[in-house]
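The sequence shown begins at 431 in my numbering and counts up one residue at a time.
In case anyone wonders, no lab produced these hints; they're calculated from the structure. Remember, it's a predicted structure, so these values are computed and weren't measured experimentally. All clues stand as given, with none of them false.
What follows is a set of in silico ranges between Cβ atoms, one per label pair, in the way DEER data are often shown:
no., residue 1, residue 2, range
1, Asn1066, Ala995, 20 to 26 angstroms
2, Arg771, Glu801, 16 to 22 angstroms
3, Arg1154, Gln1189, 17 to 23 angstroms
4, Arg929, Lys1162, 50 to 56 angstroms
5, Arg1154, Gly911, 50 to 56 angstroms
6, Pro935, Lys643, 55 to 61 angstroms
7, Gly738, Leu647, 34 to 40 angstroms
8, Arg771, Asp1148, 55 to 61 angstroms
Derived lysine to aspartate or glutamate pairs resembling DMTMM-like cross-links, with alpha carbons at most 20 angstroms apart:
no., residue 1, residue 2
9, Lys964, Glu954
10, Lys939, Asp928
11, Lys964, Asp930
12, Lys964, Glu974
Virtual Cβ for every residue (Gly too), placed ideally from N, Cα, C.
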Amino acid sequence: MVRRRLMWVVAAGGFAVVVVYLVQDLRGGGDARVGAVGGLLALAGLIAALAWPDRRPAVDKQRLAAARAGDVGAMYDVGRQLAHDDADPAAAAEWLRRAGQAGHDRAMVRLGRLLDGRGERDEAELWFRRAAGLGNRVAMRRLGVLLEESGDDAGAERWLQEAAEHDDVAAMFYLGMLREKQGDLGEAERWHRRAAEAGDEDSMAALGLLHEKRGELAEAERWYRRGVEQDDAQSMRFLGWLYADQGRTDEALHWYERAARAGDEGAMHLLSLALADSDRRRSEHWLCRAAEAGDVDAMVDLGNLLDGRGEPADAERWFRAAAEAGDDVGTYNLGIALEIRDELAEAEQWFRRGAEAGDADAMFKVGALLERDPAEAEQWFRRAAAAGNAMAMFNLGASAEERDDLGEAERWYRQAADAGDPDAMFEVGLIVRGRGEPADGWFRAALDGGSTAAAVSLGVVAYKRAEHAEAERLFRLAADGGNPQGVSNLAGLLYNDDRDAEAEPWFRKAAEDGNAEAMEHLAEICRARGAARKGERWSRRAAEAGHPAAMTTLGNLASQRGDEAEATRWYRLAADAMYNLGLAHAEKGERAEAEPWFRLAVDAGHVSATCDLAILLHLRGDDAEARRLFLSAAENGHAQAMNNIGTYYEDDGDVAEALLWYERAATAGQTMAIYNLGLLQEKAGDLAAAERRYREAADAGDPLAMNGLGILAAGRGDQSEAKRWHRLAQRKATADHLYTLGLDAEERGDPAGARQWFQSAADRGHEPARAKLS
431 MVRRRLMWVV
441 AAGGFAVVVV
451 YLVQDLRGGG
461 DARVGAVGGL
471 LALAGLIAAL
481 AWPDRRPAVD
491 KQRLAAARAG
501 DVGAMYDVGR
511 QLAHDDADPA
521 AAAEWLRRAG
531 QAGHDRAMVR
541 LGRLLDGRGE
551 RDEAELWFRR
561 AAGLGNRVAM
571 RRLGVLLEES
581 GDDAGAERWL
591 QEAAEHDDVA
601 AMFYLGMLRE
611 KQGDLGEAER
621 WHRRAAEAGD
631 EDSMAALGLL
641 HEKRGELAEA
651 ERWYRRGVEQ
661 DDAQSMRFLG
671 WLYADQGRTD
681 EALHWYERAA
691 RAGDEGAMHL
701 LSLALADSDR
711 RRSEHWLCRA
721 AEAGDVDAMV
731 DLGNLLDGRG
741 EPADAERWFR
751 AAAEAGDDVG
761 TYNLGIALEI
771 RDELAEAEQW
781 FRRGAEAGDA
791 DAMFKVGALL
801 ERDPAEAEQW
811 FRRAAAAGNA
821 MAMFNLGASA
831 EERDDLGEAE
841 RWYRQAADAG
851 DPDAMFEVGL
861 IVRGRGEPAD
871 GWFRAALDGG
881 STAAAVSLGV
891 VAYKRAEHAE
901 AERLFRLAAD
911 GGNPQGVSNL
921 AGLLYNDDRD
931 AEAEPWFRKA
941 AEDGNAEAME
951 HLAEICRARG
961 AARKGERWSR
971 RAAEAGHPAA
981 MTTLGNLASQ
991 RGDEAEATRW
1001 YRLAADAMYN
1011 LGLAHAEKGE
1021 RAEAEPWFRL
1031 AVDAGHVSAT
1041 CDLAILLHLR
1051 GDDAEARRLF
1061 LSAAENGHAQ
1071 AMNNIGTYYE
1081 DDGDVAEALL
1091 WYERAATAGQ
1101 TMAIYNLGLL
1111 QEKAGDLAAA
1121 ERRYREAADA
1131 GDPLAMNGLG
1141 ILAAGRGDQS
1151 EAKRWHRLAQ
1161 RKATADHLYT
1171 LGLDAEERGD
1181 PAGARQWFQS
1191 AADRGHEPAR
1201 AKLS
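Please build the complete structure, drawing on both the sequences and the hints.
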């Protein structure tokens, strides 16, 4: 029918050409050759369309009449004819159904097959059961296969067994496969052998596989060859596979190619893989053939091949074909291809499909794409981690670390490390070292796993031990692996060893990656060899990238030129930069690294640095200098410093001076000072004033004030309101807040409550809280 329609199209096209020619000819511009070609096309198409045979199966009129008259056998014949090549499936089903209802078992089977092919499995099963009940062995086998595909192995076994006992050879094969799936290899072999001896080539191949798995290679080869004798392509493929495992490459290639030429797509793929090193052109030819024949593994491999040589559109087409065929790797690769070209919505859809099918990598990618919904992202990371995805474990660890929950972070990092993630091993090492425990073992394991960050860390340790050769080796390893810190450290080591010529290219590489310190080192190298203007350009680039020493250098250069306004501007920028560097270290808990930057900023007159340096000193017990710095910052208008100096006066018992500083800080918007005012008023018995202050601070989000409101509510017997404020405080509190709440509870004479707050803080990795508990 399709070809006949095509001939009509050819004829119509020819007539159209003739019409165009005639119109042009009337205008005096017609080309006779065009008219002649059109005429020939029209004539040839018309003749071919009229002569082309109608391939639709003709329904025998006498049988149709008999069927209409109630002849059951005729009903079956008409239904079978109409079902042929799907000529009229609806009419076929109706005639077969009428014959089946009249008790015709073969009509029942044919109808079941038709319905199964249309996906109507419930009705198909019904008709197979009716025919099987009448003793039809084909129906028994079809029913067994359908039940096995539905997951009903017990029902499948029963009907396949009965069909096999009625000498249905195909049922013997399916029964053998079912027994093999169930792990009963003895029974599987028995049924495959019965079917194979009855001439079933699928069972010959299956029997060969069973022998091969047991290491009985000669017997496996014998059964494969029996299948080959019946021109079974699968047996040819398995024989080639057997020879490939034995290193008999030429024989393997021979049988792969025979099977491939016989249409076996699996053999086409194997042949492609076997030829990959020796004949790439033929390898790609058979890979394309396998993919086009429907082998999903070949589709994925072809997609990878095309992607690797820069043909992403064609690669995506094959990934999509594999994904639509249900292949999990194809689904994942399609998601990656879509993600690369920023089609994130569709990428997420495919990752979700893979995730729902149980692919842990796809679960991780769904989580990674869900920046808009952190809660759902974490759920996917947890599912991926439970399924063994190390990247998901690492992400969960990183999220916990961002929340300052080092206990949870370490637990996830350790799981990821156990799954072989070298970056997780490195992170465990950092946490362990932060507790003052030996961490070299973790860093070494991470290094062995390929972590360049671990190479940097171990290099630093070696350098501090004056093991410069080992440090250089490790920094070079990290640098060669593309680690920016490794590049910078290697350049710095070479520079400190007066090997400027070797250091310079590494500094340039680091500078190209945006490393400001490398830029300033390049400036120093340029100035050392007399290239002052070039050196200043590098210092300016370093300063613009935030390097405080470069800013100071530019200030010095401006001062030397007599431009004091420009010099002052650079010095102020340098102070801000020093402070920000100190702050970055302090936020990561690196107090020793933060202190020198804060001191440099303080020396440059930076008020916020003065307060933050005072906090560091207070934390390590140096309260004399801390108090002096807090007072200096407070007198220069720093709100937090005002609050902090107020706490010193309160501890001294000088409540009036404390109130003065708290009021100043509160006026400047410092919520902790507002809370402290409320606390003093509560202690003085002015609960109404205390509540006003607590509410003011709570409205600004202060969890300490929320807890204070809860305490006041409990004091007046309103337990419901008290619980509400305590829950809000718990939810809003950081580890530091929880620790402070514990201290407040201690001061109020509530040791049980204090312990609860300290435990909550300790669970989030707060070391002073852990010390309190011990």
